[in-house]
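J.: Here's the letter readout for the chains.
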Amino acid sequence: MSDATSATIARAPQPRARFRNATEETPLARAVLIALAVGGLLLLIFAPLAVVFAEALAEGWGAAVASLGNRDARSAIQLTLLITALAVPLNAAFGIAAAWLITKFDFRGKAFLITLIDLPFSVSPVVAGLCIILLFGANSLIGGWLVAHGLPIVFAIPGIVLATVFVTFPFVARELIPVMIEQGRAEEEAALTLGASGWRIFLTVTLPNIRWALLYGTLLCTARAMGEFGAVAVVSGKIRGQTATMPITIEMLYNEYLSVAAFSMAALLTAFALLTLLLKTMLEIRHADQLAATRRH
Amino acid sequence: MHIDIDEIAKDFATSTALHPVSLAIPSGALVALLGPSGSGKTTLLRILAGLEFPSSGRVLLNGQDATGLSVQDRRAGFVFQSYALFRHMTVFDNIAYGLRARPRASRPPKAEIDRRVTRLLDLIQLPQIAARYPSQLSGGQRQRVALARALAIEPRMLLLDEPFGALDAKVRKELRQGLRDIHDETGLTTVFVTHDQDEAMELADLVVVMSMGRVEQIGRPTDIRSRPATDFVRDFVNS
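Protein chains in written order, with the numbering used here: chain A, 4 to 300; chain B, 4 to 242.
Don't read these hints as lab results, they were simulated from the structure. Computed from a predicted model, the values in this text were never measured in an experiment. Hints are supplied without guarantee of correctness; some may be wrong.
Each computed SDA-like pair below joins lysine to any residue, with the alpha-carbon atoms no more than 20 Å apart [as the list claims (entries may be wrong)]:
| id | chain 1 | residue 1 | chain 2 | residue 2 |
| --- | --- | --- | --- | --- |
| 1 | A | K107 | B | Q84 |
| 2 | A | K113 | B | F15 |
| 3 | A | K241 | A | F158 |
| 4 | A | K107 | B | S73 |
| 5 | A | K107 | B | F15 |
| 6 | B | K176 | B | M204 |
| 7 | A | K113 | B | T17 |
| 8 | A | K107 | B | S85 |
| 9 | A | K241 | A | L217 |
| 10 | A | K107 | B | F56 |
Computed list of chain B residues with no C-beta within reach of chain A, every gap over 12 Å [stated by the list, open to error]:
| id | residue |
| --- | --- |
| 11 | H22 |
| 12 | S73 |
| 13 | Q84 |
| 14 | D96 |
| 15 | I98 |
| 16 | P112 |
| 17 | D164 |
| 18 | V174 |
| 19 | D187 |
| 20 | E188 |
| 21 | G190 |
Quick list of the computed label-pair ranges, beta carbon to beta carbon [claimed, not checked]:
| id | chain 1 | residue 1 | chain 2 | residue 2 | range |
| --- | --- | --- | --- | --- | --- |
| 22 | A | P211 | B | A16 | 30 to 36 Å |
| 23 | A | I288 | B | P111 | 37 to 43 Å |
| 24 | A | P211 | B | K113 | 56 to 62 Å |
| 25 | A | I288 | B | Q180 | 44 to 50 Å |
| 26 | A | D121 | B | D171 | 56 to 62 Å |
| 27 | B | D171 | A | R203 | 31 to 37 Å |
| 28 | A | N24 | B | K113 | 33 to 39 Å |
| 29 | A | P211 | B | R110 | 18 to 24 Å |
| 30 | B | S141 | A | E185 | 18 to 24 Å |
| 31 | A | R203 | B | D226 | 53 to 59 Å |
Beta carbons: idealized from backbone N, C-alpha and C, even for Gly.
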């Protein structure tokens, strides 16, 4: 074979299909799969969001804003923000404590405790709400005493906080436990041998290592706390202007055929949720180097 | 500081890690705990550090009973198998951690901390890496930073768990000499755990051969090579 022909062979373009990766699909399969994914995303996620905002603005910005400005609507918004502001820090603290206990210590009944933490995910929120009424209602032992002393739980803010804390309990702990298991105890042990106290170790070693997981967990918890309906519906008594949160108010308005008011409130609630997501994304972009540095170890 | 291990035993829930073990480590010695995995050598090292408590027996440091002493109060410089460097801190902050963690009364001023960290970075021959993060270091560099961090607290003894385990053969040889030099320079009583008999024989003044939670033989490397006390030692040393 002459040099000229071998050079031609070397330069001849190879059919592309032969070099397809073993894990890659045919162009047709790829197109179908992408279409399915995009279609599903549009139909299940994007369309509902678009509809909520479209319905809210059906009679223009003025009507939407006005519906949010009345006394009951403002009360619902304030109540939801208050409940979230109370429930999320509580669950962040509980979640850290639970994850710390489960991942840094060995004890009997650990598996049971993990199951217990997951319980709110499997129990229907309505059932959770009923349990709170049974425990703290005016007819119960504890509830009766508390009402007599001017501290009603059920049909009042403490009950709503309790219900929200119960329903959102697993979010932070669930996010932290796998991260803390993966990181092990070695860094804490190292800090111990270097003479650090338990509290100092928590602040300077444990907390910085879990801060991203803690942030994700807290944001998920926030979104869920703002949107909780079932358990709150049972314990709140749905008193307009007093114990009606945003989701409860949306339902009541919708049932009264006040479509613009219902969807305006729904749009605002959605906007809150989107805001938490935006916050998370911004933090991720801003601390991208740190994220990469800490995850590559 | 001399260390006496007096009939130390350790039971875990389902197994016995150490049968009563006794061992006297003279001040300033470089000692290897040598044995296959599961021989109880790491458990013994962790008991010395106070990271694990014995089921029975006593640990004496300079003749004083230290069995109930907390990890923090033992002041043992500990190098972990995977180094356990604080991944979110720079090398400088890692080394300074122990000094900064001291109670205010005994904490050195900032300038003194800076000076000591710089001196330790010189000692481990890595003066340029203070601002880097652990993830940006090679395995050998990480090991040396872990050593510097342990030395920073002015420990009473130095304990190392498989200090060369995660390194490739060439780096391992270099760092062996590095550890010997640092030991000779600081004069610290040093105990390290290894499953590598060459490493133990080459580096240590005194080798403790362990198997199944028992001490098989204690002696100088040459004695263990020439006069193995049990069949296990003969097999293990000749393998």
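J.: With the threshold set at 20 Å, check whether the alpha-carbon distance from K241/A to L217/A stays at or below it.
T.: 32 Å, violated
J.: Once the closest CB in chain A is found, is it more than 12 Å from D164/B?
T.: 10 Å, violated
J.: Does the Cβ distance between P211/A and A16/B fall inside 30 to 36 Å?
T.: Given about 32 Å between the Cβ atoms, the range holds.
J.: Within 20 Å, alpha carbon to alpha carbon, are K107/A and Q84/B?
T.: 18 Å, holds
J.: Does the no-contact call for Q84/B survive, Cβ to all of chain A over 12 Å?
T.: 8 Å, violated
J.: Test the statement that V174/B is away from the interface with chain A: the closest C-beta pair must be farther apart than 12 Å.
T.: V174/B clear of chain A: closest Cβ-Cβ about 19 Å, beyond 12 Å.
J.: Is 56 to 62 Å a correct range for the gap between the Cβ atoms of P211/A and K113/B?
T.: With Cβ atoms ~21 Å apart, the hint is violated.
J.: For the pair we were handed, K107/A and S73/B, check the Cα-Cα distance against 20 Å.
T.: This hinted pair holds, its Cα atoms lying about 17 Å apart.
J.: Is it true that I288/A and P111/B lie within 37 to 43 Å of each other by Cβ?
T.: 39 Å, holds
J.: Any Cβ of chain A at or closer than 12 Å to H22/B, or is the non-interface label fine?
T.: 22 Å, holds
J.: Holds or violated: 31 to 37 Å for the Cβ distance of D171/B and R203/A?
T.: Holds, since D171/B and R203/A (Cβ atoms, about 36 Å apart) stay within the stated range.
J.: Given a hinted range of 18 to 24 Å, is it respected by the beta-carbon distance of S141/B and E185/A?
T.: 23 Å, holds
Taken one by one, the earlier hints fail for this structure at numbers 9, 12, 13, 14, 15, 17, 24, 26, 28 and 31, listed in ascending order.
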